[in-house]
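Novice: Residue numbers for the sequence shown follow this note's numbering, so the first one is 1 and each next one is one higher.
Hint data in this document are derived by calculation from the structure and do not stem from the laboratory.
Among the clues, some could well be false.
Quick list of simulated restraints, FRET-style, between CB atoms [claimed, not checked]: (1) 10 <-> 36: 35 to 45 Å; (2) 36 <-> 2: 30 to 40 Å; (3) 3 <-> 30: 17 to 27 Å; (4) 36 <-> 7: 14 to 24 Å.
Remember, it's a predicted structure, so these values are computed and weren't measured experimentally.
Note that CB positions come from ideal geometry on N, CA and C, so glycine has one too.
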Amino acid sequence: SRFTRMQKERLVRSCNPDWIDLTIGLDFEHIMMNKPINTQVQMPLSILS
Numbered sequence: 001s002r003f004t005r006m007q008k009e010r011l012v013r014s015c016n017p018d019w020i021d022l023t024i025g026l027d028f029e030h031i032m033m034n035k036p037i038n039t040q041v042q043m044p045l046s047i048l049s
């Protein structure tokens with residue numbers, strides 16, 4: 001895109017002062033979704049031998 005995040009924010013806020021930058025939340029959600037959730041139980045190797 002041609003605008004920086006700050007420029008976009010100024011443009012939107014000039015029309016809608018209540019606007020909140022939701023991309024921060026989306027970035028966070030994206031990071032959380034891509035983390036592999038480790039559901040395996042960690043067992044000490046001594047039990048298996």
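Novice: Could you run down the list of hints and mark each one as holding or not?
Specialist: How the hints compare with the structure:
no.: 1; hint: 10 <-> 36: 35 to 45 Å; in the structure: holds, 38 Å
no.: 2; hint: 36 <-> 2: 30 to 40 Å; in the structure: holds, 36 Å
no.: 3; hint: 3 <-> 30: 17 to 27 Å; in the structure: holds, 21 Å
no.: 4; hint: 36 <-> 7: 14 to 24 Å; in the structure: violated, 36 Å
The structure does not agree with numbered hint 4 stated previously, though it agrees with all others.
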